[in-house]
Amino acid sequence: MSDSPSYGFDTLQIHAGSRPDPATGARQTPIYQTTAYVFRDADHAAALFNLQEVGYIYSRLTNPTVAVLQERIATLEGGVGAVGCSSGHAAQIMALFPLMRPGDNIIASTRLYGGTVTQFSQTIKRFGWSATFVDFDDAAAIEAAADENTKAIFCESICNPGGYVTDLASIATVANKLDVPLIVDNTSATPYLCRPFDHGAHLVVHSTTKYLTGNGTVTGGVVVDSGNFDWTKAGKHPSLIEPEPAYHGLKFHETFGPMAFTFHGIAIGLRDLGMTMSPNTAFQTLLGMETLSLRMERHVENAMKVAAWLEKDPRVDYVTYAGLPSSPYADRVKKHYPKGAGALFTFAVKGGYEACVKLVDNVEIFSHVANLGDTRSLIIHSASTTHRQLTPEQQEAAGAAPNVVRLSIGIEDADDLIKDLDQALAAATS
Amino acid sequence: MSRFSYSDEMLTRLLKVPQTIACVGLSINPIRPSYYVARYLQLKGFRIIPVNPAYAGKEVLGETVLASLAEITTPVDIVDIFRRSEFAGAVVDEALEMRPMPRTIWMQIGVIDEAAALRAEAKGLTVVMDRCPKIEYQRLFGELRMGGFATGIISSKL
Ligand SMILES: Cc1ncc(COP(=O)(O)O)c(C=O)c1O
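Order-wise, the sequence lines are chains A and B. Going left to right, the first sequence walks through residues 1 to 430 as the working numbering numbers them. Going left to right, the second sequence walks through residues 1001 to 1158 as the working numbering numbers them.
Errors might be hidden in some of the hints.
Claimed, not checked - Pairwise CB distance ranges, derived in the manner of DEER restraints:
1) E1114/B - E412/A: 57 to 67 angstroms
2) T232/A - G1057/B: 26 to 36 angstroms
3) E290/A - S1085/B: 39 to 49 angstroms
4) N50/A - I1109/B: 14 to 24 angstroms
5) N50/A - G1142/B: 13 to 23 angstroms
6) A1122/B - S130/A: 51 to 61 angstroms
7) S1085/B - P245/A: 27 to 37 angstroms
8) F39/A - R1003/B: 32 to 42 angstroms
9) V1017/B - S6/A: 23 to 33 angstroms
10) I1109/B - Y318/A: 48 to 58 angstroms
11) A169/A - P1100/B: 44 to 54 angstroms
If you're looking for bench data, these hints aren't it; they were derived computationally from the structure. Quantities reported herein were computed from a predicted structural model and do not represent experimental measurements. The beta-carbon is built from N, C-alpha and C at its ideal position, and this holds for glycine as well.
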């Protein structure tokens, strides 16, 4: 929105959104632990409630600490605005909510976090929504799966559980042809490794629980709008273009232009769904984000070392890291993800399910947890945990087959990580 | 994104209060964007002069609606155009007939007439196209930050 000088990523990850506190001069962003805010006078209150002025009313909608995080992530993603949510999963619902009516559907990639597959294949049905899962390497199949009730396309950039990166530009082309927004879950990549808007995506969601916070302390999520989707063009999304009864017939797109989706997210989404991020969560994530680029560089460097070592190990069947030269996606990584393919990947252990379970039981530095994007290295057997709800076909498609273990490589010494895996593999395959 | 680029420093200067803004094409319907913008700017301390032949003589925002810029008898700083691009040029030419002339012509988001802009600039006026003064005011003076919008403003000053 601004025409002023642009800054580098490392500057923005520290400064975007966070000027010194106007009340105290506090240099670090304070935790504004308050539910409500005093109005200047009755006119001010009326203007705020009518959306004629932006400001703080009540922390279910807006909060000064959360606002700093929203602006910082929106800035790093190159979007116009962002809405903070209580978790990554909340952000996904918040992204779909303005787009969908009962009977509507989305086209989603088969390669998604298992929890997202469950959310889309089961839970959203209760809102009368549905999802069709398609192989996103086949753009024609996406188009073929769409119908007049298709309202969005959804995928991850670098995918959880790893090994696959999406060619976002080709998917964005399909989205534009269908006149629906492309929503990208950019959790595993972070804006440091990929900015989906640069590839033509329209909306981004994050689980800020992961790399953005970085220390495994809080759950949070965010929906970022590029401001680049013309809601009036095909008119497929009535919530953004038709008169809104709760605001005296105001039309979001007409009134707020490129900021319509974010305004809707606050004024309808957070107001009525209440999946709000807490100020303490925003604070933890802001601290984490100050070092995002440094951490991501090390995450990627370590992942390369560990994946390359595993690939050569005779106890290992295969490694799926997209950053390896042997990956079928090596060219795509080079072209679209030049800073690296993230730090999340799987490998198959000779000895199948049993050996995987033993391996996970024998690591000392890796932590056996259902999380990713921590400074600590993490390990999980997806088939028996995060992807347990899925059918064997879904597990296979999501890269979470029974003989596969997922690693989230941290920022420790790579040599120590390799030693730990070496001894655990020995125990698992002896 | 707009193809027209204006520095934050220039926009901040153009939006100093108090100034008088003639809003051409202002609606008297309180949910129309033009009403929103004018009401907002009025709350911030700008004087609004509504201009719209369709509502001439009616009251809006405590001001009487005038039929044209020519009817304005007080000095105007900014002429803000809420008309489609094809009608913007005629409004600019009318503005150039005013005495004293306004200092600034604003054309709202989507309103663009480059030839008219050149005519106004040749007379020493500043022209902003494809921008909303309300959004720019909110962005530059800290309000949009409260909603989590990317303001592009980086500063370690209070
Ligand atoms: C890629 C991806 N998206 C979304 C989520 C859900 O985020 P949250 O746990 O913050 O709800 C996760 C969590 O593992 C994830 O890995």
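For this session: Run the structure past the numbered hints and jot down the numbers of the failing ones, going up.
Result: none
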